[in-house]
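Let the sequences and hints guide you as you build the complete structure.
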Amino acid sequence: MGAKIIMEKIFDRNSTVKEAKNYKPFAEAVEHIEWGKDEEDTLEEIARRVSPSWNPDDMAYGLNRLAELCYNDTEVLQQFYTDEEKNEDPEKKNTALFWFPTGRKAPFAISIAGGGYNGVCSLMEGFPVAAKLNEMGINAFVLDYRAGTDDAADKSEEDLHRAIQFIFENKERFQLEDSYAVVGFSAGGHLTAEFGTDNRGYKTADLPKPEILGLGYACVNLEFTEEEKKQQLSEDMFGKNREKEYYIAKRNEFTVLDHISSNYPPAFIWHTMEDELIPYEDNAVAMKEILDCVGVRNQLKCVKHGLHGLGLGTGSEAQGWLEEAVAFWKNQK
1 MGAKIIMEKI
11 FDRNSTVKEA
21 KNYKPFAEAV
31 EHIEWGKDEE
41 DTLEEIARRV
51 SPSWNPDDMA
61 YGLNRLAELC
71 YNDTEVLQQF
81 YTDEEKNEDP
91 EKKNTALFWF
101 PTGRKAPFAI
111 SIAGGGYNGV
121 CSLMEGFPVA
131 AKLNEMGINA
141 FVLDYRAGTD
151 DAADKSEEDL
161 HRAIQFIFEN
171 KERFQLEDSY
181 AVVGFSAGGH
191 LTAEFGTDNR
201 GYKTADLPKP
211 EILGLGYACV
221 NLEFTEEEKK
231 QQLSEDMFGK
241 NREKEYYIAK
251 RNEFTVLDHI
261 SSNYPPAFIW
271 HTMEDELIPY
281 EDNAVAMKEI
291 LDCVGVRNQL
301 KCVKHGLHGL
311 GLGTGSEAQG
321 WLEEAVAFWK
331 NQK
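Each residue of the sequence shown is one higher than the last, beginning at 1 in UniProt numbering.
Fair warning: there could be bad hints in the mix.
Dumping the calculated DSSO-like pairs for lysine-lysine here, alpha-carbon to alpha-carbon at most 27 Å [as the list claims (entries may be wrong)]: (1) 330 / 203; (2) 301 / 333; (3) 21 / 93; (4) 250 / 155; (5) 93 / 330; (6) 209 / 155; (7) 155 / 37; (8) 304 / 288; (9) 250 / 230; (10) 203 / 288; (11) 333 / 209; (12) 37 / 92; (13) 105 / 203; (14) 240 / 250; (15) 93 / 155; (16) 229 / 240; (17) 304 / 229; (18) 240 / 86; (19) 250 / 209; (20) 330 / 301; (21) 37 / 24; (22) 37 / 240; (23) 330 / 171; (24) 155 / 24; (25) 288 / 250; (26) 155 / 86; (27) 171 / 92; (28) 288 / 301; (29) 171 / 105; (30) 330 / 304; (31) 209 / 301; (32) 209 / 288.
Source of the hints: derived by calculation from the structure; they are not laboratory data.
Right, dumping it as C-alpha cells:
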C-alpha cells in the first residue's frame with residue numbers, strides 16, 4: 001500500500017480551485033473538500049480572503065500528497081457508515097475518512113480540522129498535517145464530519161467515534177499498529193479534546209484509549225465572557241432557536257474542562273498568545289492546569305505571536321509543533 005510513484009508536484013500557491021477540482025484522480029474526493037466559493041481563486045487568494053494565518057504553500061503541500069496517493073490508485077476515500085445508514089440519515093453521506101498511508105505497518109493519527117462546527121477546513125489543517133505525519137512514518141486519516149448541521153456537535157462526535165471503530169475493524173487492511181493519536185484544531189480541537197472526557201469520550205464509546213491527544217488552539221472552554229459570542233457558538237454547535245436553558249445545559253455538557261479525570265489521555269497542547277478567537281489563558285493554560293491537577297502527562301507549547309488557524313504552521317513561530325508533538329507521543333510508549 002502507499003504511493004509507488006513519486007510525482008512531480010502539480011499544485012502550488014498559484015494553483016486555482018478549478019484546477020484542483022478538475023484533477024481527475026480527485027474525482028471521488030472533491031465533494032468532501034471545502035474549496036471556497038470562487039473556482040477561479042488561487043490557493044493564495046483563498047488564504048488571503050479567509051485568514052492571514054493560512055499558508056497557501058502548506059495547502060499545496062497537502063494537496064500534492066493527496067494527489068500522489070490518488071494517482072497511485074490508493075483508495076483514499078473511506079466510508080465508515082454503511083449505505084443503509086446513509087439512506088436512513090442522508091446527512092451521513094457528508095462524512096468520510098481520507099486515508100494517508102505510509103505503505104508499511106505503523107502507528108496512526110487522525111487529523112481533525114476546525115471550522116467553527118460550520119465547516120471542515122481540511123485543505124488548510126487536515127491534509128498538510130497528514131502529509132507531514134506520512135513523512136515521519138506515521139499513517140494518517142483526515143476526518144470529514146457533519147459540521148454545518150443542526151446539533152453539529154453531537155453528530156460530529158458520533159462521526160468521530162464511528163470512524164475510529166471503523167479504523168480498528170479494518171486495521172489489518174490499513175496496516176496499522178494499535179498505537180494511535182488524535183490531533184485536532186479549533187473546533188476540531190474541541191472534538192478531539194472531548195474524546196478524552198469522562199462523559200462523552202473514548203470510554204463511553206467503548207473505544208481504545210489514544211496514546212495522546214494533540215490540541216491545536218482547541219476550544220475547551222465554552223463559557224466565553226461575551227454573551228453574543230456565547231450565543232453564536234451555542235447555535236453553531238447545538239442548533240438554532242433553542243431555549244436559553246437548553247444552551248446552558250449543552251455548554252456545561254460539552255465544556256471539556258469540566259469533565260477531565262486521571263483517565264484523560266496524555267495531551268500535547270499548543271496555542272498562540274495572540275489568538276483572537278479562542279483565548280489562550282482560558283483554554284490552553286486552563287487545560288494544562290487541570291491536567292496537572294489530576295496527574296495527566298501533558299506538554300504546552302506557548303507560541304507568543306500568531307493568529308488563529310495556523311495549521312501546520314510553516315513559516316510561523318509555531319513551526320515545528322508537530323515534530324514536538326510526535327516526540328511527546330513517542331515518550332509515552
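Taking the hints in turn, this is what the structure says about them:
As the CA atoms of residue 330 and residue 203 are separated by approximately 23 Å, the hinted pair is consistent with the 27 Å bound. With a C-alpha separation of about 21 Å, the suggested pairing of residue 301 with residue 333 holds against the 27 Å cut-off. Of the supplied pair hints, the one linking residue 21 and residue 93 holds, its CA atoms being roughly 19 Å apart against a limit of 27 Å. Only pairs whose Cα atoms come within 27 Å are accepted, and residue 250 paired with residue 155 is accepted, the gap being roughly 14 Å.
Between the alpha carbons of residue 93 and residue 330 the distance comes to roughly 36 Å, so the proposed pair goes past 27 Å and is violated. In summary, the hint linking residue 209 to residue 155 is supported, as the alpha carbons are separated by about 21 Å, within the 27 Å threshold. Simply put, residue 155 and residue 37 have alpha-carbon atoms about 25 Å apart, close enough for the 27 Å limit, and the pair holds. Note on residue 304 and residue 288: the hinted pairing holds, with a Cα-Cα distance of about 17 Å set against a maximum of 27 Å.
Taken as a hint, the residue 250 and residue 230 pair is honoured in the structure, with Cα atoms around 12 Å apart against an allowance of 27 Å. Distance hint between residue 203 and residue 288 is fulfilled; the C-alpha atoms sit about 21 Å from each other, no more than 27 Å. For the suggested pair residue 333 and residue 209, the alpha carbons sit about 13 Å apart, so the restraint of at most 27 Å is met. Taking the CA atoms of residue 37 and residue 92, the gap is near 23 Å; set against the 27 Å cutoff, the hint holds.
Restraint check for residue 105 and residue 203: satisfied, since their Cα atoms lie roughly 26 Å apart, inside the 27 Å limit. Using a Cα cut-off of 27 Å, the hinted pair residue 240 and residue 250 holds, with the two alpha carbons roughly 13 Å apart. This hinted pair checks out: residue 93 and residue 155 have alpha carbons roughly 12 Å apart, not beyond 27 Å. Only pairs whose Cα atoms come within 27 Å are accepted, and residue 229 paired with residue 240 is accepted, the gap being roughly 14 Å.
For the proposed pair residue 304 and residue 229, the alpha carbon gap of about 24 Å is at most 27 Å, so the pair holds. Distance hint between residue 240 and residue 86 is fulfilled; the C-alpha atoms sit about 24 Å from each other, no more than 27 Å. Distance hint between residue 250 and residue 209 is fulfilled; the C-alpha atoms sit about 24 Å from each other, no more than 27 Å. With a CA separation close to 17 Å, the supplied pair residue 330 and residue 301 stays within the 27 Å bound.
At roughly 20 Å between alpha-carbon atoms, residue 37 and residue 24 fall within 27 Å of each other, so this suggested pair holds. A C-alpha spacing of about 24 Å is found between residue 37 and residue 240, which places the hinted pair at or below 27 Å, so the restraint holds. In summary, the hint linking residue 330 to residue 171 is supported, as the alpha carbons are separated by about 20 Å, within the 27 Å threshold. Taking the CA atoms of residue 155 and residue 24, the gap is near 31 Å; set against the 27 Å cutoff, the hint is violated.
For the hint pairing residue 288 with residue 250, the CA-to-CA distance comes to about 23 Å; that is within 27 Å, so the pair holds. The suggested pairing of residue 155 with residue 86 holds, with an alpha-carbon distance near 13 Å, which does not exceed 27 Å. With a C-alpha separation of about 22 Å, the suggested pairing of residue 171 with residue 92 holds against the 27 Å cut-off. The suggested pairing of residue 288 with residue 301 holds, with an alpha-carbon distance near 10 Å, which does not exceed 27 Å.
Of the supplied pair hints, the one linking residue 171 and residue 105 holds, its CA atoms being roughly 9 Å apart against a limit of 27 Å. A C-alpha spacing of about 26 Å is found between residue 330 and residue 304, which places the hinted pair at or below 27 Å, so the restraint holds. Taking the CA atoms of residue 209 and residue 301, the gap is about 23 Å. The hint holds against a cut of 27 Å. Restraint check: the Cα-Cα separation between residue 209 and residue 288 comes to about 19 Å, which is no more than 27 Å; the hinted pair holds.
In the structure shown, a violation is registered for the earlier hints numbered 5, 24, in ascending order.
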